[in-house]
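Taken in order, these protein sequences are the chains called A and B.
Mind the numbering: the first sequence is residues 527 to 882 in this note's numbering, read in order.
Mind the numbering: the second sequence is residues 527 to 882 in this note's numbering, read in order.
Careful: at least some of the hints might be erroneous.
Said to hold, decoys possible - According to the in silico footprint, chain B covers these stretches of chain A (three or more CB under 8 Å from chain B): (1) 562-571; (2) 604-617; (3) 676-684; (4) 694-705; (5) 743-751; (6) 871-879.
These aren't lab readings, by the way, just hints derived from the structure by calculation.
Fair warning: this is a prediction, and the values are worked out from it, not measured in the lab.
Using N, Cα and C, we set each Cβ at its ideal position, and we do this for glycine too.
There are 2 protein chains.
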Amino acid sequence: MDLSLQQITDGIHPANPQSLSQARERTARLVMPPRALGRLHEIGERLCGIQGTLTPAIRRKAVLVMAADHGVVAEGISAFPQEVTGAMIQTFLAGGAGINAIARHVGAEVWVADMGIIPDLDAASLKNGNRLLVRKVGHGTRNFARGPAMTLEEARQAVLTGFELASSLIRKGVDLLGTGDMGIGNTTPSAAIGAAVTSKSLEEMVGRGTGVDDAGLSRKREAIRRGLDLNRPDPRDGLDLLAKVGGFEIGGIAGIVLAGAHHRKPVVVDGFISTAGALIAQAICPRAIDYVFAGHCSEEPGHRHMLDHLKLAPILNLGMRLGEGTGGALAMNVIEAAIKVMTEVMTFDEAGVPEK
Amino acid sequence: MDLSLQQITDGIHPANPQSLSQARERTARLVMPPRALGRLHEIGERLCGIQGTLTPAIRRKAVLVMAADHGVVAEGISAFPQEVTGAMIQTFLAGGAGINAIARHVGAEVWVADMGIIPDLDAASLKNGNRLLVRKVGHGTRNFARGPAMTLEEARQAVLTGFELASSLIRKGVDLLGTGDMGIGNTTPSAAIGAAVTSKSLEEMVGRGTGVDDAGLSRKREAIRRGLDLNRPDPRDGLDLLAKVGGFEIGGIAGIVLAGAHHRKPVVVDGFISTAGALIAQAICPRAIDYVFAGHCSEEPGHRHMLDHLKLAPILNLGMRLGEGTGGALAMNVIEAAIKVMTEVMTFDEAGVPEK
């Protein structure tokens with residue numbers, strides 16, 4: 527029953543325009559000045575379009591944290607050693623990371639997928655190991671500064687794996703998905719994808735990630751420059767772009783976005799790495815972005831250019847730059863507030879309040 | 527047992543600097559890159575300072591919506607008729623307004639105070655009338671374009687009433703207070719206070735409120751210009767400023783801020799009108815602002831200048847301009863997330879994750 531990428535994209539349709547326009551009409555009658563709750567109205571209306579109803583609802587929320595390792599760390603582009611990727615997965619399962627605190631706060635489950643980290647973790651021996659979904663596409667990507675990060679077939683597998691994992695959560699009743707990421711070095715492939723898609727300069731697109739120093743930042747820009755020159759990814763071909771300068775978790779995130787769109791469920795993308803995944807999804811199927819909310823704007827400077835390209839305005843702007851899905855998870859709360867504004871606030875007529 | 531304003535301000539002390547610095551040390555050890563959750567750290571640390579602990583907690587939240595009418599509406603400065611003030615109070619009690627939906631969402635109670643609307647509502651005959659606290663300072667202010675809005679004694683009474691109402695909620699166990707407002711015309715006194723305190727021009731400080739047209743906007747600026755020229759409020763004297771160009775609900779909001787500071791409880795101020803109240807509180811007791819969080823940045827253009835003056839960065843920026851306490855209430859959720867980051871996220875040591 528596994529779908530091909532073609533079958534997946536054939537099943538993605540735009541959000542319901544009638545529900546969207548009926549929702550706008552309801553907003554105009556709410557007992558307040560026109561659109562006085564600003565972006566909450568826009569968010570609520572988009573959810574009406576996505577769910578095809580004037581009474582949208584969220585019953586079960588989950589963050590799917592996609593983890594992988596990256597060959598490009600050999601270029602000295604990260605402030606942290608590569609073994610942190612696996613160690614952080616164990617922290618996610620133990621419930622002690624940033625995403626755990628925020629997901630608990632908003633009432634979202636945390637699931638972790640090993641999309642291709644270097645070590646082989648034994649889920650059965652780990653605390654809460656049932657929350658670790660081992661779906662390795664490989665043991666880390668290859669160094670894209672020296673050649674393609676992965677094969678085209680691996681890229682396809684990464685996207686399809688993300689699609690299947692998210693579809694499985696949706697079948698269990700999850701109706702709001704958040705994307706998360708973990709992978710030492712992964713701002714580097716994300717910036718490469720962002721630069722290829724947006725045509726912004728590497729000065730604008732490449733930042734310090736978890737905190738490299740000036741020399742590390744130069745190495746990072748140089749590695750991306752070489753990777754793009756050497757591999758010449760086609761920015762309109764999502765799988766080609768992913769294969770040449772991407773990462774397994776980024777492909778998985780693209781698959782989550784496609785799954786949300788395919789099943790008509792909203793997806794909140796987190797920061798820089800998640801948005802690189804959304805760019806891959808957009809290249810594969812542009813109308814998938816109808817189902818995407820941008821959770822926040824990252825401190826990573828290139829993020830805003832990615833969001834501009836997707837024509838998405840971030841919900842939160844709190845100077846966050848952690849990843850893991852933290853910004854997207856926190857934004858889930860605002861999305862649910864927007865639903866309540868749409869469904870619980872009276873109209874002028876219902877309230878008996880005189881209008882202008 | 528009612529305190530005088532002097533006794534209130536004598537009892538306001540800065541937030542605990544030791545707890546604040548210990549909180550910063552804890553943040554530095556959390557299992558993430560340095561301060562990677564941005565403003566969530568700053569918010570959590572401030573709460574540690576306010577509560578004098580490394581494990582801050584919020585157990586009961588309330589929004590106190592202060593309502594009043596304004597004589598300056600005679601100048602034709604509002605898009606809505608004055609009877610909307612009283613009608614909206616009934617909508618708040620019925621649970622059908624924007625603030626009700628958002629407060630329910632974040633788990634905050636809504637209390638409404640009649641600080642001086644024109645009609646006399648009979649709380650006993652209204653649905654949920656026990657949530658309406660009738661504490662009229664007057665039946666609407668006088669038109670400040672023709673003379674002072676209220677007497678100095680009324681100004682003092684408004685502030686002390688807000689202090690008492692908030693103190694009463696705090697005695698009941700409320701440990702996070704949100705300020706809200708309702709009062710047709712009340713962006714006009716708020717802009718007058720903002721202009722007097724910040725010295726910004728009326729072009730920068732005065733916006734369309736609930737949506738006046740170009741002619742209404744001109745009348746609004748002219749009314750404020752005349753009010754300031756005629757009454758010459760002293761921006762360093764909070765009661766003088768409130769008496770000459772303020773409003774009863776704005777004084778009440780100032781009292782809420784002073785109560786939070788006096789009892790060492792955080793106060794989330796909402797938008798333009800609430801922040802005018804915070805400016806009055808600051809003029810009365812500058813260190814009270816240690817206890818204030820700015821919930822959001824309003825679409826009303828002068829709001830950012832007020833926030834700059836208070837040296838407060840808004841938590842949310844969602845293009846909201848409703849008032850009622852909506853932006854502050856929604857920000858309560860982010861404040862609680864910040865607490866959980868401070869108290870639930872492991873350190874590098876606890877998680878066993880290697881550092882840089």
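Here's how the hints hold up against the structure:
no.: 1; hint: 562-571; result: holds (count 5)
no.: 2; hint: 604-617; result: holds (count 9)
no.: 3; hint: 676-684; result: violated (count 0)
no.: 4; hint: 694-705; result: violated (count 0)
no.: 5; hint: 743-751; result: violated (count 0)
no.: 6; hint: 871-879; result: holds (count 6)
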